[in-house]
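K.L.:
Construct the complete structure from the given sequences, taking the supplied hints into account.
Number of protein chains: 2
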Amino acid sequence: MPKPHQLHLGAFLRPTTIHTGAWRYPGALPDANFNFAHLKRFAQTLERGCFDAFFMADHLAVLNMPLEALKRSHTVTSFDPMTLLPALAVVTERLGLIATGSTTFDAPYHVARRFASLDHLSNGRAGWNIVTTSNPDAALNFGLEEHVDHADRYRRGREFFDVVTGLWDSWADDAFVRDAQNGLFFDPGKLHVLNHKGPHFSVRGPLNVARPVQGWPVIVQAGASEAGRQLAAETAEVIFAATPTLEDGRRFYADVKGRMARLGRDPDALKILPGAFVVIGDTDAEARDTRARLDALVHEQSGLAALSIALGHDASGFELDGPLPDIPPSNASKSGRERVLQLAAREGLTVRQLAQRLGGYAGLAMVGTPRGIADQMEEWLITEACDGFNVMFSHVPGGLDDFVDKVVPELQRRGLLRRAYSGPTLRDHLGLRRPPNRFFGG
Amino acid sequence: MPKPHQLHLGAFLRPTTIHTGAWRYPGALPDANFNFAHLKRFAQTLERGCFDAFFMADHLAVLNMPLEALKRSHTVTSFDPMTLLPALAVVTERLGLIATGSTTFDAPYHVARRFASLDHLSNGRAGWNIVTTSNPDAALNFGLEEHVDHADRYRRGREFFDVVTGLWDSWADDAFVRDAQNGLFFDPGKLHVLNHKGPHFSVRGPLNVARPVQGWPVIVQAGASEAGRQLAAETAEVIFAATPTLEDGRRFYADVKGRMARLGRDPDALKILPGAFVVIGDTDAEARDTRARLDALVHEQSGLAALSIALGHDASGFELDGPLPDIPPSNASKSGRERVLQLAAREGLTVRQLAQRLGGYAGLAMVGTPRGIADQMEEWLITEACDGFNVMFSHVPGGLDDFVDKVVPELQRRGLLRRAYSGPTLRDHLGLRRPPNRFFGG
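Sequence order for the protein chains is A and B. Here our numbering is used: the first residue of the first sequence is 741, the next is one more, and so on. Here our numbering is used: the first residue of the second sequence is 741, the next is one more, and so on.
Don't read these hints as lab results, they were simulated from the structure. If you're wondering where the values come from, they're calculated on a predicted model, not measured in any experiment. Watch out, some of these pointers could steer you wrong.
Unchecked claim - A few chain B residues that face chain A, going by a derived Cβ cut-off under 7 Å, partial list only:
| # | residue |
| --- | --- |
| 1 | ASP771 |
| 2 | VAL802 |
| 3 | ASN804 |
| 4 | ASP820 |
| 5 | THR823 |
| 6 | ALA847 |
| 7 | ALA920 |
| 8 | ALA994 |
| 9 | LYS997 |
Note that the Cβ used here is the ideal one computed from N, Cα and C, for glycine as well.
P.N.:
Rendered as structure tokens:
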């Protein structure tokens, strides 16, 4: 019997929506990003909708855009993800909690410890989105004059992953016997001292946190460059993909799963979830109108700033009504840059059109009725362009509520989405095995 | 009218009790340290008892003791404080939440951001315990072969403090206008870019979190060395003191408050809270018996390990029934080492006696009836040996419950402790002013 197709859904939040105009939309909550009461309600709504996870992006600096654009950004102040997610863990019971942790600007011992703590606190619902941090302004907040080179970041990231997972394996799952009678708190034979020494890190261990409930928190990645794909094929269990078309999705899916097969990894051990910006209407026309109204709320300066970030190049001097000029290569995220160049070429957009699109959301968008959106999601799933989606809501709370109240039931009717969680952990939701402990087997 | 004497009470937890034998005590919860359901109940009990704060110690390594002792330690696995406290913020309403953050092994941008996030999430209840991290094993988990020298740690710590507080002042309190009509999220005239460049740190800013609810989270310190006292007099708002006798307490209090006066700081702007290990009985004899039973649960190896840590010198080869031998100076916390040497001299203890005492708790202990304990606390308070205490419970939940159910009402009857919180923030509880923003006045 073939395995039934099942969508995995993450909610991608920063911690609200990515769309720059969304906070101005009628009925939207302008402070949603930084108001725990709202965020608590969002998380509980996602849990009602049987989402796999709340996925929180992160930046280690305010976005590097001119002040004229920055002053319009509703995400310029937001909670540190690893402060917010423990709080959300307390007000939810099943929802996975994925946060970004930088391998360039943090230390493996801190990252291992914090995600292990979150995994215990949430009874096995943590995920670590490994990023190498492409925002060059982050370097300036961490004592570096220039940003670390792309290839260096990936080499460091790979070693960082080895150290973190090694620290998570410091203790056998049954190390803590807590024998009060004999005064033995743990079995010393079940403690491993890592003693890692590599080109980037020297970390002795052991971790001062028990092995995570899930063995390891779920490993998530988003890089789409050659180095990023290879790192993901070797190590990731979820990819946040940025494939704008069904064709791109299929190609990316085949490429990464092919790399896994060549590495001897089971392709099912990694779930590919493209980001999908979803705009819901009772009719297609209403949904298109909502998107147009949202985009109209994006200021031109915000659009140009978003374009500059995506290109890694200042776009403020570009001729607005001309085509995108040739620009030199930069140290920006390669995948983001290529995506913009492809979009401009594919749709023949002017700089102004491109800026407006990017200031809203320029990637994969599903704009339509609940049934139409379910149709698109189903097509992506069954044609092997994805294993699910990281949904970006048009606005909050409206777009999120509509998704859970209208799209989720349609997906459930089709048997594409669970009606209840089958287990307690994020690994259960995603159908991922619990990794064995490299030092203690099983 | 003279200001009425008021005790400030912190609960010092790791996150349970410091006593090495306590997890084996009848009725104690052996996993309390790492079980959120228990910790939630403890925090709620402290709030019922009108405590100022939950104060969580931290270590960036497992304690550096021989495996024979380590395997008996009930704090070898514990939550990262900055993962636990956001969760506790959700299940409490008034209790202050103080965590340790290292200035030696973390980055100012991370620390500023995380404590600002906790302060917002808790509506103004965060405190940052600035430590320079004296455990030499921590260095080995962060890429250093040898520990950073004591004086260097303090110079770095002082600059770290300047950067963190400067980042907290990145935004005026009223910067975020969220004007949806005009698309203006913040007033760009109310953003300050720090551009810090110093001997240890280069940090541009601004912080990507709004100014904390309290302006700054409350600044806490614990160092008692000459450098530690001076840093505290310059910057601290709470000191966790380690003065074992009333006489020591008065001397320390006069010294630090005198330093403040010479620096032009109001001595009331800093609250000195010695740690106090409290053992409660219905009679003095019962309390003494409880302490004896607790100490009897400390294994000899644990005692010797605690002695080694306190001295910064391996004590395992010492003659158990002889006096403490001469030992060379080390890089251990100077205040801790001096305390041990004084204790041994003052009470004429053998190595074995000293080890047993340290494996339990060797500092200030109040052992008696609720009334007797209240008498001692009152004497310390009115003779200017302290502004309150960081209470260490003999065991949990019993010792904590007894304190809140028996000692707290006695203190309240005497008018020494609030019967209800007067305001929402930790600064309100402590009677501390909200710091002005150095870049925007007021």
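K.L.:
Each of the hints needs a verdict: does it hold here or not?
P.N.:
Here's how the hints hold up against the structure:
| no. | hint | verdict |
| --- | --- | --- |
| 1 | ASP771 | holds, 6 Å |
| 2 | VAL802 | holds, 5 Å |
| 3 | ASN804 | violated, 11 Å |
| 4 | ASP820 | holds, 4 Å |
| 5 | THR823 | holds, 4 Å |
| 6 | ALA847 | holds, 6 Å |
| 7 | ALA920 | holds, 4 Å |
| 8 | ALA994 | violated, 38 Å |
| 9 | LYS997 | violated, 34 Å |
Going through the hint list in order, the structure does not satisfy hints 3, 8, 9.
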